[in-house]
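Protein chains: 2
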Amino acid sequence: MKRRKFLKTTVVGVSAGTIAAPAIVRAAQTFSWKMTTTWPPQLPFYQVGPGSAEGMAKNIEEMSDGRLKIKVYAAGELVPWNGGFDAVSAGTVEMNHGVAYYWAGKRFAAQYFGTVPFGMSYAGQTAWYYHGGGLELWNEVYEPFNLVAMPCGCTGVQMGGWFRKEMNSLKDFQGLKMRIPGLAGKVYGQIGVNVKLLGGGEIFPALERGVIDAAEWVGPYQDRRLGLHKAAKFYYTSDWHEPSTTSELIVNKAAYNKLPKDLQAIVQAAARDAHVTSYTWAEAYNADALEDLVKNYGVQTRQFPPDVINALRKVTYQTLEEEAKKDPMTRKVHDSFMAFKKKHDVWGNLSEAYFLSIR
Amino acid sequence: MKRRKFLKTTVVGVSAGTIAAPAIVRAAQTFSWKMTTTWPPQLPFYQVGPGSAEGMAKNIEEMSDGRLKIKVYAAGELVPWNGGFDAVSAGTVEMNHGVAYYWAGKRFAAQYFGTVPFGMSYAGQTAWYYHGGGLELWNEVYEPFNLVAMPCGCTGVQMGGWFRKEMNSLKDFQGLKMRIPGLAGKVYGQIGVNVKLLGGGEIFPALERGVIDAAEWVGPYQDRRLGLHKAAKFYYTSDWHEPSTTSELIVNKAAYNKLPKDLQAIVQAAARDAHVTSYTWAEAYNADALEDLVKNYGVQTRQFPPDVINALRKVTYQTLEEEAKKDPMTRKVHDSFMAFKKKHDVWGNLSEAYFLSIR
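From first to last, the protein sequence lines are chains B and V.
Everything in the first sequence is counted per this note's numbering, starting at -3 for the first residue and increasing by one.
Everything in the second sequence is counted per this note's numbering, starting at -3 for the first residue and increasing by one.
No lab work stands behind these hints, which were simulated from the structure alone.
Treat the hints with caution; some may be incorrect.
Copies of the same chain look alike in the list, so a pair counts if it fits in one copy or across any two.
[Unchecked claim] Calculated lysine to aspartate or glutamate pairs in the DMTMM-like style (CA-CA distance at most 25 angstroms, straight line): (1) K338 / D284; (2) K291 / D331; (3) K291 / D341; (4) K328 / E162; (5) K54 / D258; (6) K328 / D284; (7) K322 / E204; (8) K321 / D168; (9) K338 / D288; (10) K328 / E287; (11) K339 / D288; (12) K192 / E319; (13) K291 / D303; (14) K339 / D284.
Could you put together the complete structure from these sequences and hints?
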């Protein structure tokens, strides 16, 4: 690597109008890549805007002075919304932007790199990725698929969802028709909820017409975009199910390995940049949207009763434990996550949680 | 800019051993910069390690393939620990890594870009910088000094400090000899504390010999390094005074403007990368250190009594309000910060704070 670079490098004179530093002529290789995503076109936070898929691609192009150009395709434009994992694995496209829990059907362990119900919020989850072995495990789980993975965004704590009636006890969940996908849906099913799977565009009409009684989506900003506040008035905060949903960048390993070291470093830094940029964007815009929903639309915020939270926590831990028993890799990831959480929760209670109670 | 780049660019043939993409020959200008810091050499988190001053400089060098080299000087190696602001302003060095509240004597408003007692923790503070107008105000305050400023690290919520005796009421603070600098020291002074200013190296011997009764430093990881747990057993969590201490990168504006756009983008992204990398490093290593301190050294964690917290909050707000009355720029920054905090606190209570109470 060093030798090739030396052969390509020639020191030339200083150009007019620049400061007195040597100029180096390099043969800069350019790369034109494709990134698929799991998101609709124009969806803020995920697809467009600061820290999104397109935002990250633009950042990479600017940092590389155009040497790594990434064309971003929304869901369905090149492959179906959930086709990105296989496409990147096969090398048909170089990158996909999504959430790891979409691939939990392939490897259950992927759930831990999306978000874990009753798990950790942004601080702990991200600390686990970067400094607690989580990112290494993520890449170990994806090793058979020729992928390099990294976190590149976070929604923060999501909301519990929209309910047409107040929920006063565990009994109120019996037979409740609720739109809730993934692991959380599985858990709700076990406490008696009639779980419905609907795409984003189907939620509002179903909730408005009473075809469903409740629906979970993301948080104030995204939920307002779907108009859910016009279909149900009670907004439950008991955001047990997705405390830190992490956006995922996966890169085809062979393509990644062909990048020179500086472009690899740029991709890695752009993903970390997007992780904090998108998280804080969500914090700012959710605060705005929540104020708007309460002030201007009469939305009422609520918390689930303690017996509901306790039942959900119990079923969640049972479910995770059952999955961990099924294969050694899930066991390994589960144990790493839980050991980190146990230690970090003690610190979090003493620092962040305490501060939030006195500020 | 576009035209100059075009004149310098020549498309040449594809080199052997590379993929089928055009190679571009560019005259790449290199820059050799100096970064001073306010930190001792080898201090983890601040000076060395992931997300530190040296970590960020290394990241920039890697991303730029050596076109922007930054030599990092610890406190006293080139200028005194607090000489970096003036040196960067004068252009003697190009960058300084420190904390904005060190410059609160020059402009009180700088306090808000360090951390605000009873203010916001990482999520809200960072959201204010990136998406709530905070970063624009930071640069407006520094405009007369020819500086470009950006956040590049965060300690997270700091600890209240080490006390040789338990603190059971406001009365126990009367005449208490405590090492506590800055705005927090000013506030403690107003509730009767005998405030002592000591450098990092002086704290342990003073606390051990009883010359002082209490001392604040950073958090479990940094405090253990100073050995403070061997001088006092009660570790108070009531981290009201520094909820999100932000590391600051300042760059001489003329030097920054001479960088091509790609290197400017790299510096900006490296700072955001360091911001999240260092924060989560602190979260992971503080969790570790706290466990060690409690398990292996018999450290006892405590919370300040509510009357103490209430008195400190009241005096803090009075002090900030007095400063805001003194000059229009402080007023402007104070009002922006407090308006953002008010809105974000509502969202934070519903999301992060609630989740931390049920996880």
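Here is how each hint holds up against the structure:
Proximity of K338 and D284 under a CA criterion of 25 angstroms is satisfied inter-copy only: 11 angstroms between copies versus 33 angstroms inside one chain copy. Taking CA atoms no more than 25 angstroms apart as the test, K291 paired with D331 passes between copies only; the shortest distance there is 21 angstroms, against 44 angstroms inside one copy. Proximity of K291 to D341 under the C-alpha cut-off of 25 angstroms is restricted to the inter-copy arrangement: shortest distance 16 angstroms between copies versus 34 angstroms within a copy. Neither within a single protomer nor between protomers do K328 and E162 lie at most 25 angstroms apart by alpha-carbon distance, with minima of 40 angstroms and 42 angstroms respectively.
For the identical chains of this complex, K54 and D258 are neighbours both inside a copy (17 angstroms) and across copies (11 angstroms), given an alpha-carbon limit of 25 angstroms. When the C-alpha separation of K328 and D284 is checked against a cutoff of 25 angstroms, the pair qualifies only between copies, where the shortest distance is 20 angstroms, while the shortest distance within a copy is 40 angstroms. In this assembly of identical chains, K322 and E204 lie within 25 angstroms of each other by CA distance neither inside one copy nor across copies; the values are 40 angstroms within and 54 angstroms between. Taking the closest pair of Cα atoms, K321 and D168 never come within 25 angstroms of each other, the shortest separation being 32 angstroms inside a single copy and 54 angstroms across copies.
When the C-alpha separation of K338 and D288 is checked against a cutoff of 25 angstroms, the pair qualifies only between copies, where the shortest distance is 14 angstroms, while the shortest distance within a copy is 37 angstroms. With identical chains, the CA atoms of K328 and E287 are at most 25 angstroms apart between copies only, with a shortest distance of 22 angstroms across copies and 42 angstroms within one. In this assembly of identical chains, K339 and D288 lie within 25 angstroms of each other by CA distance solely across copies; the values are 10 angstroms between and 37 angstroms within a copy. Taking the shortest alpha-carbon separations for K192 and E319, only the intra-copy value of 22 angstroms comes in at or below 25 angstroms, while the best inter-copy value is 56 angstroms.
Taking the closest pair of Cα atoms, K291 and D303 never come within 25 angstroms of each other, the shortest separation being 30 angstroms inside a single copy and 33 angstroms across copies. In this assembly of identical chains, the alpha carbons of K339 and D284 lie at most 25 angstroms apart only when taken from different copies (7 angstroms versus 33 angstroms within one copy).
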